[in-house]
Amino acid sequence: MLHVDTVILCPQWELTILFVTCRFYSLTTANMKYPFFWFLLLSTYCGFSQNITISGFIVDSLSDEKLIGAVIAVPSLNIGTSTNAYGFYSITVPANENIIMQISYVGFRSQIRSVNLHKNENINFSLVSSGTLREVSVASERAGKIHESSQMSVVSIPIAQAKSLPTFLGEVDIMKTIQLLPGIQAANEGSSNLIVRGGSPDQNLILLDGVPVYNAYHLFGIFSVFNADALSSLEVVKGGFPARYGGRLSSVVDIKMKEGNKQKYHTEGGIGLLASRIMVEGPIVKNKMSFMISGRRTYYDILARPLYRSQTDGKYRLVLNFYDLNAKLNYRLSEKDHIYISAYMGNDKFGIKEKSDNEVYNSGIKWGNITAVARWNHLFNSKLFGNFTLYHSRYKFNLYSELSGANENYKLNYFSGIYDWAAKYDVDYIPNNRHYIKAGLGGIYHTYTPNASQIKGANIPDIDSVNKLNSIEGNAYIEDDILITAAWKANVGLHFNSFFTDSKTYISLQPRLSTRYILFERTSLKASYAYMNQYIHLLSNSGIGLPTDLWVPVTDKLLPMQAHQMALGMAHTTRQDVEISVEGYYKKMNNVLEYKNGASFILAGSNWQDKVTQGRGESYGGEFFVHKKAGRTSGMISYTLSWSNRLFSDLNNGKTFPYKYDRRHDFKIALVHKLTSKIELSCDWIFSSGNTMSIPTAKYYGSSPNSFMSVDEPYNYYYPARNNYRMPAYHRLDAGAKFTKVKSKSTREWVLGIYNMYNRRNPFYIYSEEKNGITTFKQISLLGFLPSISYNFKF
Amino acid sequence: MKIRTLIFPLSIMLVSCTKNVSTPVIIKNEKDQIVVNGYVAMKKDSSFSLVKVSRTKKLSEQGSPEIIPDQKVFINDEQLVFDAASQIYRSVHTTSANSHYLHTNIDGIEINAEDHFPAPVKFLSVEYLGLDTIRQIAGFESEDVFAKIKLSFQDPVETEDYYQILVKYSDSLTPGYSERFPSNDYSIIEEQVEETDLFGNNIYKFIPHDMIIFRDHYFNGKKKEITLFVSRVSFYQDLYFELHHISKDAFIYHKNVKLQSLNQDNPFAEPTIVTGNIKNAVGFFGCRHIDETNVHVPQ
Chain D
0 MLHVDTVILC PQWELTILFV TCRFYSLTTA NMKYPFFWFL LLSTYCGFSQ
50 NITISGFIVD SLSDEKLIGA VIAVPSLNIG TSTNAYGFYS ITVPANENII
100 MQISYVGFRS QIRSVNLHKN ENINFSLVSS GTLREVSVAS ERAGKIHESS
150 QMSVVSIPIA QAKSLPTFLG EVDIMKTIQL LPGIQAANEG SSNLIVRGGS
200 PDQNLILLDG VPVYNAYHLF GIFSVFNADA LSSLEVVKGG FPARYGGRLS
250 SVVDIKMKEG NKQKYHTEGG IGLLASRIMV EGPIVKNKMS FMISGRRTYY
300 DILARPLYRS QTDGKYRLVL NFYDLNAKLN YRLSEKDHIY ISAYMGNDKF
350 GIKEKSDNEV YNSGIKWGNI TAVARWNHLF NSKLFGNFTL YHSRYKFNLY
400 SELSGANENY KLNYFSGIYD WAAKYDVDYI PNNRHYIKAG LGGIYHTYTP
450 NASQIKGANI PDIDSVNKLN SIEGNAYIED DILITAAWKA NVGLHFNSFF
500 TDSKTYISLQ PRLSTRYILF ERTSLKASYA YMNQYIHLLS NSGIGLPTDL
550 WVPVTDKLLP MQAHQMALGM AHTTRQDVEI SVEGYYKKMN NVLEYKNGAS
600 FILAGSNWQD KVTQGRGESY GGEFFVHKKA GRTSGMISYT LSWSNRLFSD
650 LNNGKTFPYK YDRRHDFKIA LVHKLTSKIE LSCDWIFSSG NTMSIPTAKY
700 YGSSPNSFMS VDEPYNYYYP ARNNYRMPAY HRLDAGAKFT KVKSKSTREW
750 VLGIYNMYNR RNPFYIYSEE KNGITTFKQI SLLGFLPSIS YNFKF
Chain S
0 MKIRTLIFPL SIMLVSCTKN VSTPVIIKNE KDQIVVNGYV AMKKDSSFSL
50 VKVSRTKKLS EQGSPEIIPD QKVFINDEQL VFDAASQIYR SVHTTSANSH
100 YLHTNIDGIE INAEDHFPAP VKFLSVEYLG LDTIRQIAGF ESEDVFAKIK
150 LSFQDPVETE DYYQILVKYS DSLTPGYSER FPSNDYSIIE EQVEETDLFG
200 NNIYKFIPHD MIIFRDHYFN GKKKEITLFV SRVSFYQDLY FELHHISKDA
250 FIYHKNVKLQ SLNQDNPFAE PTIVTGNIKN AVGFFGCRHI DETNVHVPQ
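Respectively, the protein sequence lines represent chains D and S. For the first sequence, position 454 matches number 453 in numbering that gives the first Met the number 0, and the numbering has no gaps at all. For the second sequence, position 288 matches number 287 in numbering that gives the first Met the number 0, and the numbering has no gaps at all.
It is possible that part of the hints are untrue.
To be verified - Below, in silico cross-link-like pairs of lysine to any residue (SDA-like), each with a Cα-Cα straight-line distance of 20 Å or less:
#1 S:57 / D:725
#2 D:395 / D:356
#3 D:770 / S:98
#4 D:610 / S:262
#5 S:57 / D:720
#6 D:793 / D:266
Simulated from the structure, these hints should not be mistaken for lab results. Keep in mind that this is a model prediction, so the values were computed, not measured.
This is chain D alone, in the form it adopts within the complex (with noise of 0.2 Å):
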């Protein structure tokens, strides 16, 4: 019996069993009286069940920068993809019919082709700019909706939203813009570090080109690493992880930089008071080799250092800057081959040089990140889409001090630092539009130091120890993203990591699960799991991103942090194209990390292992997000209620206590409002909880057994509980405007800002003051309003 329906749902597999099939039915008739109809009908269904399958690259027509997440849709036949994140598509679609294909992608104007083929096709799409400002200023007509993928708790922020919002100090920072998305919140005033659903600052993962990068932070965590103007598309997730994912429990923040126009030259920058910066970019070859290069730097020292000399009679020199440069280099080498190559260097230097007639010192702290990463693309056919990777990342910090005169002379230096070699295969294979399977195999080769010192001189003999350790870490996943139904789709996988220490090897096999269900027209219901392992850890309890941060790995002591994390929501788009989604989520860790009582956590040396200890943490809530991406008005409204608290049994005697960053309620908007082609004005007004802190509220006489007779006994410091103490809540309200002018061969912006708009005096930290034998405690405030004013230009 032939079950023509199966042929239309499957049509690759289903066919071939058409021909098992028929095949077994004439060999078993032996009497059979019409062989001509049935093959006639099988014809039949042959012809009408074929599919061929259209890929192709989506790329923007100006540049033929690579469109990631753009939309192919066939309307009538409901069937729909999107681009990678090489801006390749794949779509199977009946041969021989007429079918209209839809392309869109925020802020370019959608396409529409009317195709009717009978074999596999290269297509490739060129997205016209919808306006000059494209990405916020002209709504599309459609772009990916939130409902309709699988996914949940990601969000993609167009960069040219997050340079619309108001800037800090004039420097448009993407890392800040995260900060205003629903259970994403800054550790501390000013901070760029990221506390994602109640996890530490060390469970995201910072990937630039799909390269990890340790320390994200310039000047101590008040700027990100990144340069808005070299980068094309952010993705953060913080739940519901792809099984591609893996290494942190928090979060995802995936971070591309722009390939090079390969069109035309183009220069972007802009001069701000804190610093400047530059972008060009452009093609080597027309069409087939581009290139972009962009680079910033402070100024501080050198506006600071007339002022810091004049004040210090000349003796002191203030070192005190950061730069970053970012470089891409890409290369079509045919039609199915592409190569990148791309790279990033930033560092900090904060220090003082002290000049006298006979001997020079010098000294204070560096730090600074290198990653580069090759890259090659393979088309292998129209479904099946490679790509290698080879990578290395490095984050170095170092402590120095350098006497040099006439009598003594030395140098100190303390070391500590990350270096990642990686290498790893991604395949995406799209057999046929139910499914979209994605799998890969890497391994990285992670170098730590976490302190090193040489000392030359200083009247000892010299010492070179450098404290290394080893460790390499494997992984493999698979995932699907499933279409089950019209209505109901998953996307499953499975995560497999080793990490091998010279003490001990740790194996996972981590689950992924991510569902939706569509509802109504433009609602549906998801939900996820997640299984999420950590083998490195970061020593810190600052919070503020300090450069002394020291990144170690998991050892026989110290194990692997684990995260279950579930999580269930809604998701609708409005026929706006304004995104709503309300989700629930809890998250269980076990070993996570906190300092023990009492331990100092400022080059915490080789005895780090002894200075922590491990728990569980717990944290859940709900999280409700607006986002409009496109239109004249354009931004984000966020509300999440939380709670996040940790377990240890040997912190605060065994009992439950908030985690530091346990913030109840957080509330934030960000809006972009166009008022002419010239003028845009931007707000935003956070309010957040504040952070627990322990504080001691009463004193009271010990038991030393040398002093218990002594009336003039030391007291101790009763804390009722650890982290006993809510800080006041935070909240500020940011304004920025921007004047553009677009002129015949350039555009010119000044961009107006004004940071904390109330000067409300937040708190970033608090100090005891004892005066008379009384205890007082006092709140440190550190940005109160602060105007900037940059100018960029475009040409």
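Assemble the complex: chain D is given as a structure, and chain S must be docked to it using the hints.
Frame of chain D; chain S shown alone:
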């Protein structure tokens, strides 16, 4: 944009500034807690008990914590006597019990705690090795003259053991004076440490108070030799060393008290929360074996 349109924002920028601003923070006052501290010590064949009962004092208030006198305080079945001079409940007695149970009732609250005696551990030797000048690297750099003393004792096998070593002195200026003073204001330095400084060198732990506290993690079941450096020996001739064998809970308590004191002004340190073993009150009660030895320091 004309340059005059920038005058307003530029003038705002000039008058505004970013600076550290400190504002008082109001801390919710907690109810005063009852504090009970005490220990039972066994020294040679005798033992004694000391208990201090007091209340916490709010940090926002002046003065010392209040002592609570004239309460019924018991260790096992024996009621302790309140000594008004020292403001301490005490008893001098011989006990054969291994386990001791402290209980009292204050303000209608039943308060109790329990601890056990560890096995007795005695000094094997004490030796004066002369004077030495020590450069301390940890904390801050300083140089001082110290008396170098070598002590040894045998750690029991197969048990986790915890120790305190205290130094006391008798006043050389008052011959025959029997009272021994704790070396509160002087420092002792332990030679054997498991820490390195930022250059990878072994550092001397700086102990600004009266005792060192350690566990047998690195010498379990072995003979332990420890070299101590005691400062300001010129003021006295005889140094008395006490080896206290204590329980694990007592070790954690005293370690945390010490850390709290050491880190009081260190902004880079985690706060130290001292937790005791007293039910319904703050404080610690423990049993300890004490062995004493002395050494003569030539002037």
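Consistency of the hints with the structure:
Restraint check: the Cα-Cα separation between residue 57 of chain S and residue 725 of chain D comes to about 18 Å, which is no more than 20 Å; the hinted pair holds. Restraint check: the Cα-Cα separation between residue 395 of chain D and residue 356 of chain D comes to about 33 Å, which exceeds 20 Å; the hinted pair is violated. Of the supplied pair hints, the one linking residue 770 of chain D and residue 98 of chain S is violated, its CA atoms being roughly 44 Å apart against a limit of 20 Å. Straight-line distance between C-alpha atoms of residue 610 of chain D and residue 262 of chain S comes to about 14 Å, which keeps the hinted pair within the 20 Å bound.
Between residue 57 of chain S and residue 720 of chain D the CA atoms are separated by roughly 15 Å; this keeps the pair inside 20 Å, and the hint holds. A C-alpha spacing of about 6 Å is found between residue 793 of chain D and residue 266 of chain D, which places the hinted pair at or below 20 Å, so the restraint holds.
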